[in-house]
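Novice: Here is what each chain is made of, one letter per residue.
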Amino acid sequence: MKKLIAILALGLSALGFVGTALAQSDAASPPAAATATAAPAPAAATAPASAAAAAAPAAPAAPVPNKGDVAWMVVATMFVIMMSIPGLALFYGGLVRSKNMLSVLMQVFVTFSLIVVLWCLYGYSLAFTEGNAFIGGLDRVFMRGMFDPAKGEFAMAATFSKGVVIPELLFMAFQATFAAITCCLIVGAFAERMKFSAVLLFMVLWFTFSYAPIAHMVWFWMGPDAYTAKEVVDATNAKAGLIWQWGALDFAGGTVVHINAAVAGLVGAYMIGKRVGYGKEAFTPHSLTLTMVGAALLWVGWFGFNAGSALEAGNSAVLAFINTFSATAAAVLAWCIGESLVKGKASMLGAASGAVAGLVAITPACGNVGLIGAIVIGFVAGFACLWGVTGLKRILGADDSLDVFGVHGVGGIVGALLTGVFNAQSLGGPGLVTDWVTAAVGSNPDGIGAQVWIQLKAVVLTIVWSGVVAAVAYKIVDLVVGLRVTEEEEREGLDISAHGETAYHN
Amino acid sequence: MKMVTAIVKPFKLDEVREALSGIGVQGVTVTEVKGFGRQKGHTELYRGAEYVVDFLPKVKIEAAVDDAIVDSVIEAIENSARTGKIGDGKVFVSALEQVVRIRTGETGKDAL
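Residue numbers (the working numbering), protein chains in the order written: chain C, 1 to 506; chain S, 1 to 112.
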């Protein structure tokens, strides 16, 4: 453990040093930075920065961000921080035994912080700059070129509307919270038995080789302003991520966040093995009160997550907002109805789980489906995820401690597929942009089936990619530091054995 | 002297205390306990995991009393703790050899 921390610290400080050096060299050569005014900047980052570059020929003046958009995205970013810590941490923490409460809070808290740092250093660049169809490049490593202190200029990132931009640093911060919470989600699958050092080392590997590529494949494109004429469409499309090129719809991260994390969690549950006493002793949640508080914070925070994914304060954000609201409520009802019918009683844990199931399922759909479609997705997700944590869990046979796969995996898949159904305008959906040159909107011309097929391909690729990366990463971690704590430490509880403290004193 | 030990439902504790005070019992010791008897436990369900809770919470009341009032003590506990439903508890009576009041050094009946 001490060795690992030392290695991490060394690595980080080395990175930091290089970063400083790079930043300085950047400042020394002003034209290099992709500030809003710098013309065809180095191929630019995320859909984003290219916006400034591409817009340049058409309009001499670079677009200026709207203060309302900036304010909304700052708030949305903070909302996602809140839904992670304390929201997700408390939701998970309440579900474990009291002797492991602090270990879960710590794993979520420190994973979140670790990923934010890695995101700033290189993750953002790998996910949101131009590279190939699978992974981005290194243009934005160490946040290069996003802020020019000499001129006081900030690079701009594109949104989904032509001529509308937000500061790229803000886009990066917003996306940092996504990367961080995705990694935190995995913690639930191997809670109560994994070494703290192993958790962190795994997160570094999985984040680098699964989160960043999947985010690039699903979300990276050149931005609407890059589509200046019919002739450039094919070339511009070709620069986007693979899954984006397929035409998959994922508004706020059904594949990137939930399926991605859930598969990594499930693989972990298999490879790390069951908790000592699983199936023999009672693993009762120690505080469903805190779990309810966590679920409620998740619900509120998720408005930043989903509505914020519109990247501007407009109609699209409002559609995502109301859908996130109604689908979640529908899923709570569905889970409670399902529990009442099957088990005879509706439980608090069921209601909280239903809320999360609905939130997960509506995530890819929120800005892509209609109003009734969202409620249907919520209902279906509530029932599907109830099966995910009962019937499916028995079939899988893994000790996925806090049902990461049952809720996030099943909910994510249901949401991703139904997004393809309810996107159609014939079913009340908003449709998709069929031509980015004119920004024309319509349903998938090949029909609902075709869109669902695209969605399915995105789901399968994410499952396979994340599964393989996770398996290799766990194997490496096992060889380097070992995955599990000893049985004695596990029985004592990770709070004391791993962190030297106790959550509650009577 | 007798030691009367009663296991009763927790929400009946106050009624039992009042009844005992009413017949002149000077003090009791109360402990929160868990156990099982003819009353079955219950099951708790957390998502897919079902746990049977065999041990139910009860309150144990211990009172050291003079032989003269032991029958009325038992009767008072019975009447105050009874709901008529399964799980009302039990009363155990055992012989008590010696009692000492620590402050004064009194022993036997005087110490009760």
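In case anyone wonders, no lab produced these hints; they're calculated from the structure.
Quantities reported herein were computed from a predicted structural model and do not represent experimental measurements.
Think of the CB as a built atom: it goes at the ideal place given N, C-alpha and C, for glycine as much as any other residue.
Possibly wrong hints are sitting among the right ones.
Said to hold, decoys possible - Computed far set for chain C versus chain S, every beta-carbon distance over 12 Å: (1) Val116; (2) Ala133; (3) Glu489.
To be verified - Below, a list of computed lysine-lysine pairs in the DSS-like style, where the Cα atoms sit at most 30 Å apart: (4) Lys99(C) - Lys60(S); (5) Lys345(C) - Lys9(S); (6) Lys40(S) - Lys99(C); (7) Lys343(C) - Lys85(S); (8) Lys280(C) - Lys34(S); (9) Lys343(C) - Lys109(S); (10) Lys280(C) - Lys40(S); (11) Lys343(C) - Lys34(S); (12) Lys34(S) - Lys99(C); (13) Lys345(C) - Lys109(S); (14) Lys2(S) - Lys345(C); (15) Lys99(C) - Lys109(S); (16) Lys343(C) - Lys60(S); (17) Lys40(S) - Lys109(S).
Novice: Checking against the hints above, which ones are violated?
Specialist: The structure breaks hints 9, 13, 14, 15, 16, 17; every other hint is satisfied.
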